Amino acid sequence: MSLAKRLESLDRRWIFLLIGLSVVLPMFLPITFPERITSQTQALYDTMESLPEGSVIMVPFEVWPSTLPETEPIARAAVRHAFRRQMKIVSLSNVGGGGPSIADRVLREEGNAAGKVYGIDYVNLGYRANYLAVLSGMGTSIRSIYQTDYSGTPVDSLPLMRNVDSYKDVAFIFAIADNATLDYWVSIVGERFGAKIGAGVTAVMAPKMFAYIDAGQMVGLLGGMKGGAEYEKLLGLPDQSTRGMGAQSLIHLLIIAFIVLGNVGFFLSRRNARPA
Amino acid sequence: MRGPLPLAVAFLAGMFMIVSFFSPHPAVEKASGDFLNWVSIVSGFSILLGVVSIAQNNLAKVKRRQKEWPYAVVLLVALAVMLAGGVLEGTDSGTVYDALFQNVQAPMMTTMFSMLAFFIASAAYRAFRARTLQATLLLGTAVIVMLGRIPVGQAIYDGLPDLANWIMAVPNTAVQRGIIIGAALGGAATALRIVLGLERTYMGRG
Numbered sequence: 024m025s026l027a028k029r030l031e032s033l034d035r036r037w038i039f040l041l042i043g044l045s046v047v048l049p050m051f052l053p054i055t056f057p058e059r060i061t062s063q064t065q066a067l068y069d070t071m072e073s074l075p076e077g078s079v080i081m082v083p084f085e086v087w088p089s090t091l092p093e094t095e096p097i098a099r100a101a102v103r104h105a106f107r108r109q110m111k112i113v114s115l116s117n118v119g120g121g122g123p124s125i126a127d128r129v130l131r132e133e134g135n136a137a138g139k140v141y142g143i144d145y146v147n148l149g150y151r152a153n154y155l156a157v158l159s160g161m162g163t164s165i166r167s168i169y170q171t172d173y174s175g176t177p178v179d180s181l182p183l184m185r186n187v188d189s190y191k192d193v194a195f196i197f198a199i200a201d202n203a204t205l206d207y208w209v210s211i212v213g214e215r216f217g218a219k220i221g222a223g224v225t226a227v228m229a230p231k232m233f234a235y236i237d238a239g240q241m242v243g244l245l246g247g248m249k250g251g252a253e254y255e256k257l258l259g260l261p262d263q264s265t266r267g268m269g270a271q272s273l274i275h276l277l278i279i280a281f282i283v284l285g286n287v288g289f290f291l292s293r294r295n296a297r298p299a
Numbered sequence: 616m617r618g619p620l621p622l623a624v625a626f627l628a629g630m631f632m633i634v635s636f637f638s639p640h641p642a643v644e645k646a647s648g649d650f651l652n653w654v655s656i657v658s659g660f661s662i663l664l665g666v667v668s669i670a671q672n673n674l675a676k677v678k679r680r681q682k683e684w685p686y687a688v689v690l691l692v693a694l695a696v697m698l699a700g701g702v703l704e705g706t707d708s709g710t711v712y713d714a715l716f717q718n719v720q721a722p723m724m725t726t727m728f729s730m731l732a733f734f735i736a737s738a739a740y741r742a743f744r745a746r747t748l749q750a751t752l753l754l755g756t757a758v759i760v761m762l763g764r765i766p767v768g769q770a771i772y773d774g775l776p777d778l779a780n781w782i783m784a785v786p787n788t789a790v791q792r793g794i795i796i797g798a799a800l801g802g803a804a805t806a807l808r809i810v811l812g813l814e815r816t817y818m819g820r821g
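Just so you know, the protein sequences line up as chains A and B, in that order. So the first sequence is numbered by our numbering: it starts at 24 and just counts up by one. So the second sequence is numbered by our numbering: it starts at 616 and just counts up by one.
Since the hints were derived computationally from the structure, they do not count as laboratory data. Warning: the hint list may mix true and false statements.
Stated by the list, open to error - Pairs of lysine-lysine, DSS-like flavour, derived with a Cα cap of 27 angstroms:
(1) Lys-645/B to Lys-191/A
(2) Lys-139/A to Lys-256/A
(3) Lys-219/A to Lys-191/A
(4) Lys-682/B to Lys-219/A
(5) Lys-256/A to Lys-231/A
(6) Lys-139/A to Lys-191/A
Claimed, not checked - Computed footprint of chain B on chain A, listed as stretches where at least three residues anywhere in the stretch have a Cβ under 8 angstroms from a Cβ of chain B:
(7) 26-39
(8) 104-112
(9) 116-124
Since this is a predicted model, take the numbers as computed values, not measurements. We put the CB at the ideal spot given by N, CA and C, even for glycine.
From just these sequences and the hints, can you work out the full model?
Next up, the structure:
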């Protein structure tokens, strides 16, 4: 069989095997590379650093469980940064299928590690139906939407919430997102109510978000695992994103190699098909 | 309800929300907030409707022993357990609901999503061909961005990360902006059609 034929008829299980190995191997043999910080990540980090210590920030967990490997490390980095600067976090989610549970787990784990207390240093408001109504309603009064938090505790009994009732009481919004609700955070919360927004998103979402950054509607952006790794580097706390970049590097290289090989096969077979 | 009443409600509610956007008057803001609360409550009921509907459909599937009915049993059992756990015990960490979510649902959804990597690699090998000038440009851009997004790219050529970031920040942004403006205009036009009663599919007819 000619090389062209072989390349054209390559069993895709070989591709699956190589992809699997590229993900698994870096777990056992960690490979780390130096990360160059992009301007979008630096801007987000600088914004967080510029906020006075003790500021109240909002960290919406607009994520489905399916994207956790990408979004959870970003969320953890954001929460760690906030706690390190003694900020208070108000969290919520417009993703009914798991967002509040993810927020609860991440905040409690990071809160316990930083010695923070629920209700004083951070709260999780949970989920309410219809994100358009929720985002608009919180501009007037958070209490009109959330009378209780995720656990059913009345919001008024949470010390942190005593002075927080709308976006005006929040210094910054650091959204973690894997879906289009982030567009509404920008268009409703940012544009209508004047809140300052930055976000950590999945890599596939990042291209769209560049338009908001360029228009000044978002102050900064962490795009996928790379964005998370850059933020971890700025924080001086390399963790899951930094480790994940080893696997991501191998996968990207492998896919590029597949594209090149596929095209070599394509051009060889096209040349062979030409009449002599 | 298919008479003029739903149209009148849609018109008045739509017009009020448009006006309230521009009015800082406390009474208007209060009424607007109440409207948004109602939307949230109605949406909550629509979720309930969805749950009842999916339960009914799957129950019927099991009763009639339709194709792949055991999957319907799994769905119904999972639905019942999560519902009972959530209602009886709450959803806090340490509850049955939370344990099932964190240890069953989340890993399953992550696994399903991670399958994409395999199929993307396979598709890239089979379909990403430099057949035309446009396809070649797309291919070259993809390679630059993929390399620029990983540290190895920087090792190959120091300017690659900056080039990848420029592609994302300039040509990509121009295209994304066009898409966003187009989608926003489309959304505004559709909303206006609903408010004016020209678009009536939400009432179950064209």
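Going through the hints against the structure:
1. Note on Lys-645/B and Lys-191/A: the hinted pairing holds, with a Cα-Cα distance of about 17 angstroms set against a maximum of 27 angstroms.
2. Distance hint between Lys-139/A and Lys-256/A is fulfilled; the C-alpha atoms sit about 23 angstroms from each other, no more than 27 angstroms.
3. For the hint pairing Lys-219/A with Lys-191/A, the CA-to-CA distance comes to about 10 angstroms; that is within 27 angstroms, so the pair holds.
4. Using a Cα cut-off of 27 angstroms, the hinted pair Lys-682/B and Lys-219/A is violated, with the two alpha carbons roughly 52 angstroms apart.
5. Using a Cα cut-off of 27 angstroms, the hinted pair Lys-256/A and Lys-231/A holds, with the two alpha carbons roughly 24 angstroms apart.
6. Between Lys-139/A and Lys-191/A the CA atoms are separated by roughly 24 angstroms; this keeps the pair inside 27 angstroms, and the hint holds.
7. Coverage of the stretch 26-39 of chain A by chain B holds in this model, with 4 residues showing a Cβ closer than 8 angstroms to a Cβ of that chain against a need of three.
8. Coverage of a stretch by a chain is defined here by at least three residues with a beta carbon nearer than 8 angstroms to that chain's beta carbons; for the stretch 104-112 of chain A and chain B the count is 0, and the condition is violated.
9. Counting residues of the stretch 116-124 of chain A whose beta-carbon sits less than 8 angstroms from any beta-carbon of chain B gives 4, enough to reach three: the coverage restraint holds.
Checked against the numbered hints above, the structure breaks hints 4 and 8 and satisfies the rest.
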